[in-house]
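S.K.: If you want the building blocks of each chain, they are given just below.
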Amino acid sequence: MRYLLIGNPNVGKSSLFNLLTNSYAQVGNYGGITVEAKMGRYKDGVILDLPGTYSVSPTSEDEGVVTHALLNDPYDGLINIVDATHLKRNLQLTIQLLELAVPTKIVLNMMDEIEHSGMKLDVNSLGDALGCPVYPISAKTKKGIDELKLDLTNQTTHHFHINYDQVIETAIERIELVLTGALIKANKRWIALQLLEGNQGIQTLLSESEKHKITQIVSETEQEIIASKLALSLKGAIFNIRRTFIESVLAQCLIKTGAKNQTKQMNHKIDRVLTHPIFGFMIFILVMLGVYTLTFDFLGNIISDAFDGWMGDSFTPFIVNLLERFGVGKDHIIMNLVTEGIIAGVGGVLVFIPQIAILFLLLAIIEGTGYMARVAIMLDTMLSKFGLNGKSIVPLITGFGCNVPAIMATRTIADKKERLLTMMIIPFMSCSARIPVYGLLASIFFEKYRGIVILSMYVLGTLVALLSAKLLSLSIFKNSANQFVLEIPPYRLPAARNIYRQTKMMVTDFIEKAGKYILLGAMVLWFLQYVGPNGVATTQDGSFLALIGKGFAPLLAPLGFGNWQSASSLIVGFFAKELIYSSMIVIYGSESIIGLTFDPISAYSFMVFSLLYLPCFATVGTLKQESKSTKFTLMVLSFGFVVAYILSTLIYQIGNIIF
Amino acid sequence: MQNNHIKNIEHMTMGEEGQIIKLNHVDHHIRHRFMDLGIAPYATIKLLKKINNRLYIIEVDDVEICIRRKDASLIEVEVGK
Chain A
39 MRYLLIGNPN
49 VGKSSLFNLL
59 TNSYAQVGNY
69 GGITVEAKMG
79 RYKDGVILDL
89 PGTYSVSPTS
99 EDEGVVTHAL
109 LNDPYDGLIN
119 IVDATHLKRN
129 LQLTIQLLEL
139 AVPTKIVLNM
149 MDEIEHSGMK
159 LDVNSLGDAL
169 GCPVYPISAK
179 TKKGIDELKL
189 DLTNQTTHHF
199 HINYDQVIET
209 AIERIELVLT
219 GALIKANKRW
229 IALQLLEGNQ
239 GIQTLLSESE
249 KHKITQIVSE
259 TEQEIIASKL
269 ALSLKGAIFN
279 IRRTFIESVL
289 AQCLIKTGAK
299 NQTKQMNHKI
309 DRVLTHPIFG
319 FMIFILVMLG
329 VYTLTFDFLG
339 NIISDAFDGW
349 MGDSFTPFIV
359 NLLERFGVGK
369 DHIIMNLVTE
379 GIIAGVGGVL
389 VFIPQIAILF
399 LLLAIIEGTG
409 YMARVAIMLD
419 TMLSKFGLNG
429 KSIVPLITGF
439 GCNVPAIMAT
449 RTIADKKERL
459 LTMMIIPFMS
469 CSARIPVYGL
479 LASIFFEKYR
489 GIVILSMYVL
499 GTLVALLSAK
509 LLSLSIFKNS
519 ANQFVLEIPP
529 YRLPAARNIY
539 RQTKMMVTDF
549 IEKAGKYILL
559 GAMVLWFLQY
569 VGPNGVATTQ
579 DGSFLALIGK
589 GFAPLLAPLG
599 FGNWQSASSL
609 IVGFFAKELI
619 YSSMIVIYGS
629 ESIIGLTFDP
639 ISAYSFMVFS
649 LLYLPCFATV
659 GTLKQESKST
669 KFTLMVLSFG
679 FVVAYILSTL
689 IYQIGNIIF
Chain B
477 MQNNHIKNIE
487 HMTMGEEGQI
497 IKLNHVDHHI
507 RHRFMDLGIA
517 PYATIKLLKK
527 INNRLYIIEV
537 DDVEICIRRK
547 DASLIEVEVG
557 K
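Heads up: the sequence lines are chains A and B, in that order.
Heads up: the first sequence begins at 39 in this note's numbering, then just goes up one per residue.
Heads up: the second sequence begins at 477 in this note's numbering, then just goes up one per residue.
Take the hints with a grain of salt, since some may be wrong.
Stated by the list, open to error - Straight line, CA to CA, 20 Å or less: simulated SDA-like cross-link-like pairs of lysine to any residue:
hint, chain 1, residue 1, chain 2, residue 2
1, B, K522, A, M304
2, A, K267, B, I482
3, A, K251, A, E235
4, A, K454, B, H505
It is worth saying that the hints were derived from the structure and are not from the lab.
Given these sequences and hints, build the entire structure.
M.R.: Spelled out as structure tokens, the structure:
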């Protein structure tokens, strides 16, 4: 059986998905449109996890996926997860799904919280009213999950019907007659209702003549509704009828027990501090510094150093020994490839895994608590001065982990211009792949101030991002709608299981990337510096890599690193930012040589340039995919490059005058 | 003082409750988003908090929602019913 998992945002959809499917979760592009849906397997089938949505007809990009999946994906049934503590709103989506008339299982999550909110829910009579099976669960305590799992193999029957107002019912009948059904296999009544609601995803599937007739019917109905003062719009009328239905259902099933809503009172108390204009901001800065310190100074660094030591003292000698046993001599080409190409290039990047894992872990925890919504509220005033809105903060902070999911996270920003603007500045957020090169240069040149120097990269990246946003919002992105409507979720303790899975997925992605691109990149890199136009290069200067780098080196002279080695590293770094580090290690051979080639000022200038110059290949691909515009993508690239070039030049030139 | 009157959210006092009458000049996109969140005529809303007199935190259907003043001023509410 193949299920689609659908629900409002933030109702525990991913938690349920994780509980129902075993750890094998595949993230992939699906359905031809550019959207990620997670697919997970359970005993006898597959569950597809769709992005959270309030309604079937889309208002933002990631909500369009649901309509698309409902119409085009092969499935046997729907699982609709519902927040039992917010039924009034959640059931609006449920009704839209039930009207589709396919087998649906309704899962009531957060049953444990319902008691704290001073309510009691009669699950059976809710099931009767909705005409389909209802499963009360708590994803947090795992209660009810086993029963649901057992029932996944059972096909269920259902019956559901809402009678809309006469005006609307007539319109439904008229549209049903127009639909030829050649294009759309789904339930006609559902299609008609969705069209009346203004679902644009469905309109695109109609033929020109159908579209023409239906637009006519919709506008006639809308006028009739406004004229009869039934509601202010057609969509509003449908919404109101559904709301009345929901209220009558809830009047039967929800019983007030009279206890006070403790959760709410607690939430308000915490919010008073966390969204306070002064304390709230200070706490935010402290949280960010805490994440930074844990990632770099305490935990991360200690583990990374230990790992580095183990690589150098045990792992490398072990491999060398092993190779020698197979008759590979110390000067043999394979020995050279393995030790100086692969171990130095890839191993060096892998050393940073603990730090990256901790960073992802902390970001996942912060996201899971509901704190990010408070940050968005607190920073909305400030961010709107830069042409952004509070919601931009989530993608921007995600960018510290990796720019790719950060760009995808901009889908929650409803206004197109604000979304593009946020996408444009994300590459300036210092992602985890840039950590290795900071670590390398900072520990060679700024031993004592290592922490501060690396921190300055994050601060600088953020400042450049904000100032760029300001600049762009005054020029290219003028007159954006600038809107901000945000649902504030209650605070929740994130489930360890979810945090673990999310972190694991991100880290596995990173290792996979290291395994593929960085390994391949390091090998190609090693080869290019080993071989030249005349066969094996006797000196690196005669290698292919040097030839390529030399072409670009003069361009970099004003920045303080006009040598082919730096140029080559930066070119290779476009494929994956970790490769900047790998190339430097492979090309220079050791840290001490880097120490002789750079001085503190040019090293700092190089770090800044690595931070800003170009997003990596994967990020460029995502930019193109999400913006659907090559022109925009090229604009992001050239804008970033110009900013990086100017800033690094200024740092190097002014730095040299001062010091 | 009239007991039963109409005003927009911007002029509500903290903790005040009322029923939405209509949304004035709200653009198509935001109207849709509002409806998804339950902000629509006949819904009961409560003003919970103002932040810097710029952001308004309201409660609709037991859900807290943050909107800007610009949008709050477009939502008409009947209070004291």
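S.K.: Could you grab the alpha-carbon distance between K454/A and H505/B and see if it respects the 20 Å cut-off?
M.R.: holds (11 Å)
S.K.: Does the alpha-carbon distance linking K267/A and I482/B stay inside the 20 Å limit?
M.R.: Given pair K267/A, I482/B holds - Cα atoms ~19 Å apart, limit 20 Å.
S.K.: Is it true that the CA of K251/A sits at most 20 Å from the CA of E235/A?
M.R.: holds (16 Å)
S.K.: Decide if the proposed pair is consistent with the structure: K522/B and M304/A, CA atoms, cutoff 20 Å inclusive.
M.R.: Roughly 18 Å separates the two Cα atoms, so the pair holds.
The structure meets every hint from the earlier list without exception.
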